[in-house]
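Number of protein chains: 2
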Amino acid sequence: MLPELLWVEAPLSDADWRELLREKRPEIILCAWETPGLPLEAAEHLKYLCYLCGSIRSLVPRELIERGLKVTNWGAVVSNTVAECALLLILAALRRVGNWSVAMRTQGQWKSGRHPDTLSLFGRRVGLHGLGAISRDLVRLVEPFNVQLSAYSPSVPDETFERLNVRRSETLEDLFSRADVLVELAPGKPDNYHLVGDDLLGLLPPHAVFVNLGRGMVVDEAALVRASQQRGLHIALDVYETEPLPVVSPLRSLDNITLLPHLGGPTPDRRRDCGELALQNLENYLASKPLTNLIDLGTYDRAT
Amino acid sequence: MLPELLWVEAPLSDADWRELLREKRPEIILCAWETPGLPLEAAEHLKYLCYLCGSIRSLVPRELIERGLKVTNWGAVVSNTVAECALLLILAALRRVGNWSVAMRTQGQWKSGRHPDTLSLFGRRVGLHGLGAISRDLVRLVEPFNVQLSAYSPSVPDETFERLNVRRSETLEDLFSRADVLVELAPGKPDNYHLVGDDLLGLLPPHAVFVNLGRGMVVDEAALVRASQQRGLHIALDVYETEPLPVVSPLRSLDNITLLPHLGGPTPDRRRDCGELALQNLENYLASKPLTNLIDLGTYDRAT
Chain A
1 MLPELLWVEA PLSDADWREL LREKRPEIIL CAWETPGLPL EAAEHLKYLC YLCGSIRSLV
61 PRELIERGLK VTNWGAVVSN TVAECALLLI LAALRRVGNW SVAMRTQGQW KSGRHPDTLS
121 LFGRRVGLHG LGAISRDLVR LVEPFNVQLS AYSPSVPDET FERLNVRRSE TLEDLFSRAD
181 VLVELAPGKP DNYHLVGDDL LGLLPPHAVF VNLGRGMVVD EAALVRASQQ RGLHIALDVY
241 ETEPLPVVSP LRSLDNITLL PHLGGPTPDR RRDCGELALQ NLENYLASKP LTNLIDLGTY
301 DRAT
Chain B
1 MLPELLWVEA PLSDADWREL LREKRPEIIL CAWETPGLPL EAAEHLKYLC YLCGSIRSLV
61 PRELIERGLK VTNWGAVVSN TVAECALLLI LAALRRVGNW SVAMRTQGQW KSGRHPDTLS
121 LFGRRVGLHG LGAISRDLVR LVEPFNVQLS AYSPSVPDET FERLNVRRSE TLEDLFSRAD
181 VLVELAPGKP DNYHLVGDDL LGLLPPHAVF VNLGRGMVVD EAALVRASQQ RGLHIALDVY
241 ETEPLPVVSP LRSLDNITLL PHLGGPTPDR RRDCGELALQ NLENYLASKP LTNLIDLGTY
301 DRAT
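Chains A and B, in that order, give the protein sequences. Under my numbering, the first sequence has 246 at position 246, and the numbering climbs by one with no breaks. Under my numbering, the second sequence has 285 at position 285, and the numbering climbs by one with no breaks.
No wet-lab data here; the hints were simulated from the structure. If you're wondering where the values come from, they're calculated on a predicted model, not measured in any experiment. Even for Gly, the Cβ is constructed at its ideal location relative to N, Cα and C. Please note: incorrect hints may appear among the correct ones.
Unchecked claim - Quick look at which bits of chain B chain A covers, simulated, 3 or more residues with Cβ under 8 Å:
(1) 79-89
(2) 181-188
(3) 267-276
Said to hold, decoys possible - The calculated label-pair distances, taken between Cβ atoms and stated as ranges, are:
(4) D255/B x E44/A: 50 to 60 Å
(5) R67/A x R114/B: 42 to 52 Å
(6) W33/A x Y193/B: 45 to 55 Å
(7) G123/A x P190/B: 30 to 40 Å
(8) E283/B x V247/A: 15 to 25 Å
(9) D117/A x R114/B: 29 to 39 Å
Stated by the list, open to error - A few chain A residues that don't get close to chain B, going by computed Cβ distances all over 12 Å:
(10) Q107
(11) L251
(12) R252
Start from the sequences, fold in the hints, and give me the full structure.
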């Protein structure tokens, strides 16, 4: 017998949402962004939350998972397009695409002379702050560039480093001081607040580029501005401490920067991958089979 | 015995250059950009021109090669960094980096809503107009993206297509009509003048992106502007019909475009690859061994 299906249009007020849950008492919820948070009473009927997107912290109180609620999200199915955006920002920072876009489109400019201030990724030392799903996909994408990879990620076991052919940095100081290209992909947990500041940025070698695709709060943006203005650090960012990035942010007026408005996540054309994963998980749930990307309390606590 | 070595600073007037050649009668010349053209009389003494860069048409009269002058250039040693720039422009066009660079840096903007107009390279159909050294290197770089590759290049044998796992397009119409990503890398020979115009651009599928890293003269820029304005084609260019690109070019004010000022060639950090190749060739010449990237009359006539 097929389960009863109710389609609900977002947005929905918090009050309407609670009323609906009390009335319909769903066993399964399939949802995406714009869904209001779940009340604790949902534990009485809700068994499975199939979330099409990523962050569930504001949607699901920890207590619901403690009480047995199954929750899945897009997990690693979107990490390849985020890794693609990381590669794009690396290449863009090395070739100064942000600068040339502004100069060519708004200032009528052209290069002067035959010695542009551009760099290639081939043969460079790439440092990854974090070695989760996105970094692992990025390792595959940069493989043809013959780079030397290091990563700092204390929680990831040696076997993973060896399998990926990535050198382990025992400290962030080691990671930053050896990275021609530093890719920031550390999670946005409170411990990491402003972890990257003047000290670490000052260790980057001359001509290094700095890319952040992870969480804005990990990086002290004032220190980033100083590194750009005083040491000529080239920067490419997709994430910021405050989003939307304030109009008055000094990042917007730096000389050497490429900025995207948090577009790293799955491009709309690849959202079908999330849909296919969700469908498979719904089938598995109804057939009492194991679910993919099931969020346990450890994952919940590490999530951003 | 080591040969006598004379170091000459550029720039040098045409007259001074001829005078110097008459006086010194060098057997070997090692040179780069800014070298004046060789007079025919150089055939009396010059045996080997080791050119550090690419295009030699304006430097070497065809008759000198006919009369036995050996000429080498950077050949395929720089094609990997041009392929890198091609990948960058593909990813930039798909994510609208040119637009966001201008919007974020000069207009204080942020994305609106959760559905940005961006695309991923994963799984897309990529069409290559030309299957020379740059395209072949690009094939390696896009391999992790699981793309479907086609190319139009009548002079390249079937074995090359098979080895690279690239589908042969028998016509340009076939190539363009199947390409989500069209990469223009055809040589700038007279036959190719404005080969890509309204007809071919009109065959590109909806949401296609068009990238030119080859030669500007192959593409009718007025048709490119029409395709952008009337059909929303996304464009990324490194080369132009007229370089430097005129300040008043309508390309500069298109909505959906990423522009670079002909930076595809080897980034300065990789020029040492050209130097190493030249050194090896000089050693080989002095030891009467075969030279790498020797330019015969066929190569000369096909060159851009």
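Cross-check of the supplied hints:
no., hint, verdict
1, 79-89, "holds (count 6)"
2, 181-188, "violated (count 0)"
3, 267-276, "holds (count 4)"
4, D255/B x E44/A: 50 to 60 Å, "holds, 52 Å"
5, R67/A x R114/B: 42 to 52 Å, "violated, 30 Å"
6, W33/A x Y193/B: 45 to 55 Å, "holds, 50 Å"
7, G123/A x P190/B: 30 to 40 Å, "holds, 38 Å"
8, E283/B x V247/A: 15 to 25 Å, "violated, 59 Å"
9, D117/A x R114/B: 29 to 39 Å, "holds, 36 Å"
10, Q107, "violated, 9 Å"
11, L251, "violated, 9 Å"
12, R252, "violated, 6 Å"
The structure is inconsistent with the numbered hints 2, 5, 8, 10, 11 and 12, although it conforms to all the rest.
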